[in-house]
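Each protein sequence line maps, in turn, to chains A and B.
Sequential numbering from 39 applies to the first sequence in my numbering.
Sequential numbering from 39 applies to the second sequence in my numbering.
Quick caveat, the hints were computed from the structure, so don't treat them as lab data.
It should be emphasised that the depicted structure is a prediction, and the values quoted were computed from it without experimental measurement.
Treat each hint with caution, since some may be false.
The list treats identical chains as one, so a pair stands whether inside a single copy or across any two.
[What the hints assert, rightly or not] Below, computed lysine to any residue pairings styled on SDA-like, alpha-carbon distance capped at 25 Å: (1) Lys65 with Asn252; (2) Lys218 with Thr452; (3) Lys372 with Asn151; (4) Lys338 with Glu376; (5) Lys113 with Glu453; (6) Lys243 with Ile381; (7) Lys469 with Glu52; (8) Lys121 with Leu377; (9) Lys134 with Asp451; (10) Lys158 with Ile70; (11) Lys92 with Ala135; (12) Lys40 with Leu105; (13) Lys139 with Gly191; (14) Lys286 with Lys469; (15) Lys143 with Glu80; (16) Lys139 with Lys436; (17) Lys372 with Tyr236; (18) Lys112 with Glu208; (19) Lys134 with Lys158; (20) Lys139 with Glu423; (21) Lys338 with Ala135.
Chain by chain, the residues run as shown.
There are 2 protein chains.
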Amino acid sequence: MKIINTSDANFKNEFDAILARAKSDIKGVSSIVMNIIDEIVEEGNEALKRHIEKFDKWEVKSDEELLISQDDMKKAYENIDDKLRAALHTAYDRIKAYHEKQLPKSWLDFESNGTILGQKVTAVDKAGLYIPGGKAAYPSSLLMNAVPAIVAGVEEIVVCTPTPENEVNELLLAACHLCKVSKVYKVGGASAIAAMAYGTQTIPKVDVITGPGNIFVATAKKLVFGEVNIDMIAGPSEIGILADETAKPHYLAIDLLSQAEHDEMASSIMITTCDKIAELTSNEVEEYLKTLSRETIARKSIEERGAIIVASNMEEAIELMNEIAPEHLEVMTKNAFELLPYIKHAGAIFLGENTPEPIGDYIAGPNHTLPTGSTAKFYSPLNVENFMKKSSIINFSKNAIDELGEACALLADTEGLTAHAKSVRVRLEDK
Amino acid sequence: MKIINTSDANFKNEFDAILARAKSDIKGVSSIVMNIIDEIVEEGNEALKRHIEKFDKWEVKSDEELLISQDDMKKAYENIDDKLRAALHTAYDRIKAYHEKQLPKSWLDFESNGTILGQKVTAVDKAGLYIPGGKAAYPSSLLMNAVPAIVAGVEEIVVCTPTPENEVNELLLAACHLCKVSKVYKVGGASAIAAMAYGTQTIPKVDVITGPGNIFVATAKKLVFGEVNIDMIAGPSEIGILADETAKPHYLAIDLLSQAEHDEMASSIMITTCDKIAELTSNEVEEYLKTLSRETIARKSIEERGAIIVASNMEEAIELMNEIAPEHLEVMTKNAFELLPYIKHAGAIFLGENTPEPIGDYIAGPNHTLPTGSTAKFYSPLNVENFMKKSSIINFSKNAIDELGEACALLADTEGLTAHAKSVRVRLEDK
Chain A
39 MKIINTSDAN
49 FKNEFDAILA
59 RAKSDIKGVS
69 SIVMNIIDEI
79 VEEGNEALKR
89 HIEKFDKWEV
99 KSDEELLISQ
109 DDMKKAYENI
119 DDKLRAALHT
129 AYDRIKAYHE
139 KQLPKSWLDF
149 ESNGTILGQK
159 VTAVDKAGLY
169 IPGGKAAYPS
179 SLLMNAVPAI
189 VAGVEEIVVC
199 TPTPENEVNE
209 LLLAACHLCK
219 VSKVYKVGGA
229 SAIAAMAYGT
239 QTIPKVDVIT
249 GPGNIFVATA
259 KKLVFGEVNI
269 DMIAGPSEIG
279 ILADETAKPH
289 YLAIDLLSQA
299 EHDEMASSIM
309 ITTCDKIAEL
319 TSNEVEEYLK
329 TLSRETIARK
339 SIEERGAIIV
349 ASNMEEAIEL
359 MNEIAPEHLE
369 VMTKNAFELL
379 PYIKHAGAIF
389 LGENTPEPIG
399 DYIAGPNHTL
409 PTGSTAKFYS
419 PLNVENFMKK
429 SSIINFSKNA
439 IDELGEACAL
449 LADTEGLTAH
459 AKSVRVRLED
469 K
Chain B
39 MKIINTSDAN
49 FKNEFDAILA
59 RAKSDIKGVS
69 SIVMNIIDEI
79 VEEGNEALKR
89 HIEKFDKWEV
99 KSDEELLISQ
109 DDMKKAYENI
119 DDKLRAALHT
129 AYDRIKAYHE
139 KQLPKSWLDF
149 ESNGTILGQK
159 VTAVDKAGLY
169 IPGGKAAYPS
179 SLLMNAVPAI
189 VAGVEEIVVC
199 TPTPENEVNE
209 LLLAACHLCK
219 VSKVYKVGGA
229 SAIAAMAYGT
239 QTIPKVDVIT
249 GPGNIFVATA
259 KKLVFGEVNI
269 DMIAGPSEIG
279 ILADETAKPH
289 YLAIDLLSQA
299 EHDEMASSIM
309 ITTCDKIAEL
319 TSNEVEEYLK
329 TLSRETIARK
339 SIEERGAIIV
349 ASNMEEAIEL
359 MNEIAPEHLE
369 VMTKNAFELL
379 PYIKHAGAIF
389 LGENTPEPIG
399 DYIAGPNHTL
409 PTGSTAKFYS
419 PLNVENFMKK
429 SSIINFSKNA
439 IDELGEACAL
449 LADTEGLTAH
459 AKSVRVRLED
469 K
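With the rest of the complex left out, here is chain A (with noise of 0.2 Å):
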């Protein structure tokens, strides 16, 4: 694995490539999903039946056969190992926890003259959750985007997943039965998207639609964008991982390999303060990508999106690592807690050796959805609040408008709005 330094008189380039990582080619598919997208609204089931068959090769025979039914997702939760299924549930009860510490409240807030202005915070009605399927669905991504929604109090969750040759990952649907998700439907890709957005015959107009996806996936849910929120535009996955001479490389290299293993396109970057701990890291990672079932695209991640920077000491491996803003940063070092103050933009943060991004990834409890590809600087988490809004309250009494109308038609009239003034001083006049 390629070793720099901060001293490297290139340094600057490399650390630019890193910087510059992953950029999603949305510019590229636009125009393509914007015909889909077009397509859906102007003919509803009919293009969705139609694209369904060009992409995931099997013919759609009624309406009713873009639904999986509750007895389907039933039976597949009931026929999962034991095991598998305590797993799930575990997970699932961790998740619910850790969400339902975010739920905000409604608040009120009075004043002495009478006035009153608040906060009323309400689920959105409806979400629509995106599962990528084939042998790529996760369950932990069903997990993670329905816990949420659950907690938030949504009324209405539908589900869509693709189902390639019409075969359906029973993993996923056990995962369904267990979050209660009461409509899954078989449509995926950029259709799905602009179904859930507008709603068809069958699928219903959703508020929200949050979930991963591929760059086809990612450009619709960008064009939608207005006409219902989403969560994020979320790129290859990554990590980042600060370790001092403390960390012990064979742990240090086989998180860096589990960002790896996901996707080519994957990036995987440590800074740490030791040249020894640098060294032995890069040779563990050579060891242990012999052993991988996904070996191929972790060396081709590791090879062509991986380093390890050498920096002079732990203030500068902060601050590149801030600008980095990496999606999951693991902090491997002796006083892991104490860096908090400084770490400003990440994800998530992995603290201490026995924290490794996995566990986040399925079982800790925070949302696994994170932004990626710097966009830590101003997005957060998945969280209950994606499936929630707000709505300002303000009550002013008698006494509130005598003592502040006059200032308030003061602006109005400087800003030219006369109506805006006459509605205020209309009441100071009646006495």
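Since chain A is already given, all that's left is putting chain B on it; use the hints.
Chain B alone, transformed into the frame defined by chain A:
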């Protein structure tokens, strides 16, 4: 003003027209805006200057001329009328106090096996505010966008505003001085959004862009979403009013007009349970219209996009209003507060006869940047969290991973991710 009854034969058609109000034609201007963005990305300041010459009709002779000086802002602040300055201060203080109550806290949660989970909240580094310019430059827009960013703790706040014929709105400058905005650039339209999203030689790349604007600005915001975060995509302003027989028709009328005067595309919809109130309000609207400085605009809005709906009872009225999901909702009924539980979708809710909507535009405290066109079903008012983001915190103890690690590895196995599973098991193997 048009009065319709929910029992009318064509009510459904009339109501569908209200629901379909004011869709913005983002698609229609997308290709123009894409070209503007491309030019800014490729040429930076040179393209900015060309666009200013074309759209704002003045020649920018140097990069420095893009910036308004601190001195000019200070002078503008000192030169305004004392009463107006005091009104701006009152507005600033109240907006600040309200938004401070929104501030989310970082939190940690501890489990008995040594696990620590939490959420760290941090401000974004840089925010860019877009404020429309020329005659429509509203100082209130500056306050409503700058204060949440200030309260969030954003270190660098920049403003872009167009200055047609190089004329700057003095009141806007005064408000910038009050908010201690350090950098105000004389740049408008889609070019300004592109400049803040990608950066130029003079204008910094920001993390979040907020603020109102025309269809070109709205489209540019949508197109740069993902490169930066944005607040929402806003359309024409709108008000909904729920009124019973206790409401005062002249209050209702002037409040309806306070939205109508904004824009010919604005919508003013009242739903009442009382025939007589409907008729009296319609008459009052006609009377007030004649007195408005913006009569032509307001009249067109009221005639083409306004309506008074008579519902058979308050339950039906609220149900219809929830479907409309208006930007502003006034509740003028005898028990306004008791209706709050049933009101699901509205940007801001104004309760009682002493809370006219303009109070919320200027001085009440809550933000006046609100979701329009039914997007209150999923968007929130602009708030401090638009300028903040979260990072999950995960710290597992050795006990915790020993307890939960195998379930985690099992889930990774079923998803075929061997490095994920190994990164957990390598810790389990260590005693």
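request  = Return the numbers of the hints above that this structure violates; sort them in rising order.
outcome  = Hint check: 4, 7, 8, 10, 11, 12, 15, 17, 21 fail, others pass.
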